[in-house]
Amino acid sequence: MTPVDDTAPSQDLLLFLASTAHDMKNSISVLSGTLERLLVDAAPGTEAAYPQMAQMLYQTRRLNDNLMQLLALYKRVGTPEYPFDVQPIEAGQLSDQVVSLGRVLLDAKGIALEVALERDLIWHLDEDLIVGVVSHAVNNAAHYTRDRIRLALTAVDGLLEIRVEDNGAGYPQALLDAGAAGLSDVASGIDFRTNSAGLGLYFSREVARMHRHRGRHGAVRLENGGALGGGCFILSLP
Amino acid sequence: MNALVKSKSEPIDWAGKNYLVVDDFIGVRQLLRESLRSLGARNIDQAASGGEAIGLLAKIRYDVVLCDFNLGDGKNGQQVLEEARVRNLLLPSSVWMMVSAEKSVESVMGAAEHQPDAYLVKPITEGVLLTRLNRAWHRKQVFRPIDQAYAEKDYLRAARLCDTQIEANRVHEVELLRMKARLMEKSGEPDKAREAYERVLAQREYQWARAGLAKIRLANGEFEQARQMFQGVIAENRYYIDAYDQLALAWQGMGKLEEACSVLERAAKLSPNSVPRQRNLGQVCLKLGNVGMAEKAFRKCIAIGEYSVRRTPDAYLGLARVCGLKNDPKEAQVLLQAAQREFGEQHPDIDLRAKITEGLVYHESGDYRRARKAGDELEALLGSREERPDTATCLEMATLLFAVGVKEAPVELLCYVIRNNHDNALLLDEVQAIFDKARLSDEGGDLIRSSKKEAADLMNQGVLLWKTGKLKEAVDWMRGARAKLPNNQRILFNAAQVLVSHMRERGYEESLALEAHEVLAHVDRLQPGQQRFAQLMEQLAELVPKATEEAAVDTKA
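The listed protein sequences correspond, in order, to chains R and X.
Residues 2 to 239 in this note's numbering are what the first sequence lists, from first letter to last.
Residues -19 to 537 in this note's numbering are what the second sequence lists, from first letter to last.
To be clear, the hints were calculated from the coordinates, so they are not data collected in a lab.
Errors might be hidden in some of the hints.
[As the list claims (entries may be wrong)] Here are some chain X residues pointing at chain R (derived, C-beta under 7 Å):
hint, residue
1, E82
2, K83
3, A98
4, V101
5, T105
6, V108
7, T111
8, V151
9, V154
10, L181
11, A182
12, R184
13, G269
14, G272
15, M273
16, W446
Using N, Cα and C, we set each Cβ at its ideal position, and we do this for glycine too.
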């Protein structure tokens, strides 16, 4: 008899897990869509539960983003296995999608979103991944900002720099260190067990690194300061 | 001329359009419907399965289709799209958005014949949907005049339109260059196609452009260089399935069937639901004598073909051969009958091909009596019709007929092949080899020479009339030549050339233009992608007198 490797999950099990995860994703997107609609129809004055609903939407978005990132990582984002799909995209269309994804949540929480960009700037990137990463960063900023977020897209020295800045208290030192570690290509040192921002940051970095051009690759860094004086999430793509 | 479409176009009225939403999950259908309603849409139909979607598509012309790729049992989203395109159930302006739960491999696989206008990953939100819809719609406007010229097979005009659009639409530049390269390939201008691919690569390392360069090498017989380039593409992106299919062709070109087979096997593992890929895998396995794997591939090919408009009789014929090799001629017969039943309408040669396979099956299993009987029946089938099938089938048929001991019919077939391909040296060698194998080397050589001369004389007389300015006579002569040798490409091209010259000198005539179009369409079916085809199509299009056309409309009004 051929030896059987008991530790390897069967193909059937993997398929079952994947289809369950997709089912969950369907449910969560229905949930977050419904919440958005409720929020659009309601107003802070007439609906007593308005702040709680906004918080529910924020948490649902987090669940959705995490699940999306887990699934993408499961599909091996960051390796040649992933169906990476680069296309020329206009900066204006990129920001339109990020803005629309965040609109209901930001309105509900009374946060102003400023956008600064040159709409006609064209960049070659994987649109789905980048929209996902940037809107996750906006969602994150919505939690930590006081009342403003700034989204800026500019071409700097052959790189597209996408900045998500807020006017909150800024990132804690541990996270800034983790961001710096990622820059220097050393193992990032993120502790997934204790650091809730870890998955999103790890995912963003993998996505950035997949974007390569003429010997350069994309990167993510975190800073405090920027135009609004709070936390800055900076994604740069060659 | 066609006006340029500017990047900043009018906002599109999404409210008044007809929408179809296809998803097997009711929650998702409702969500998508809500999203569309928030864009103002009023007319939204829904389908829960591929079959239901096709039913609706057959009745109603939709402006926008949002279709999930995964539809449970039955057709998948890609098959629904293919059927809708092949059956002409879509308007040229219809936008097809393929939806999937995760980033789909299909979206980056490359050269699928029927691509949707966009791929969307769930969850779909209003803003993303609107941005992608606007982009797809705008893209359609940019490509409309190009697609129109493409549909008319005026590839050179379509390529010029690509150049004009690139000036005005930088965001579509890469895609326009991709189209231009394809058009140049179809026009038999590989150098210009290469130039377009290289312009893309100067901007970014797009795998399809790299693969495009490799394909040009492949077509030029530079198999080793092509192999290296395709392997480079796969190393960069192992989901670029088209590169595997091409890599297999490069190996086949070098005579390395084992390698070709293992590449196709890997591709079929990554993307098993392609009818042509499973068919190719089966056929390579058959050549290698790997009966088990051939059987698996052909069976898979038949199974996935059930819901696909791309189903092919090849898998049935191949599987019948497999049955023969497994000494089960009864099962082979059942398959051959099924093939004739299922494909009789679209494939008028299927009875011949089934009979050839039957003969092969008996011959390979050593039943020479039944093999000979199949040969005699094949001869009778040939005798009852004027038309001959394509060259490959003719050669296959002649080989079998010789093998089972029939003599006159294969000689007639081979002479027919020579007369219709009198300037194709490679093919003539192949024909000589078949004669050699039948121990008819000398007789065959004589037949090849005389058939060749017959065709050359026919053509030369026509060319002489044309060159001496006897255009009317040249047209008549070439008509006669075409009747005698309906599939000789040199004669067909010259016939079209003479018709074009006649109209240039003596004025446009609709009946002559129609005749030239028919001749060219036929030669393009025989062998697509020839330079002379593209040039003559362009010359023909330029002959149409535009001013008089409008004047004629005016007098009617």
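Consistency of the hints with the structure:
| no. | hint | in the structure |
| --- | --- | --- |
| 1 | E82 | holds, 6 Å |
| 2 | K83 | holds, 5 Å |
| 3 | A98 | violated, 10 Å |
| 4 | V101 | holds, 5 Å |
| 5 | T105 | holds, 6 Å |
| 6 | V108 | holds, 5 Å |
| 7 | T111 | holds, 5 Å |
| 8 | V151 | holds, 5 Å |
| 9 | V154 | holds, 5 Å |
| 10 | L181 | violated, 11 Å |
| 11 | A182 | violated, 11 Å |
| 12 | R184 | holds, 5 Å |
| 13 | G269 | violated, 27 Å |
| 14 | G272 | violated, 19 Å |
| 15 | M273 | violated, 20 Å |
| 16 | W446 | violated, 49 Å |
In this structure, the earlier hints numbered 3, 10, 11, 13, 14, 15, 16 are contradicted, and the remaining ones agree with it.
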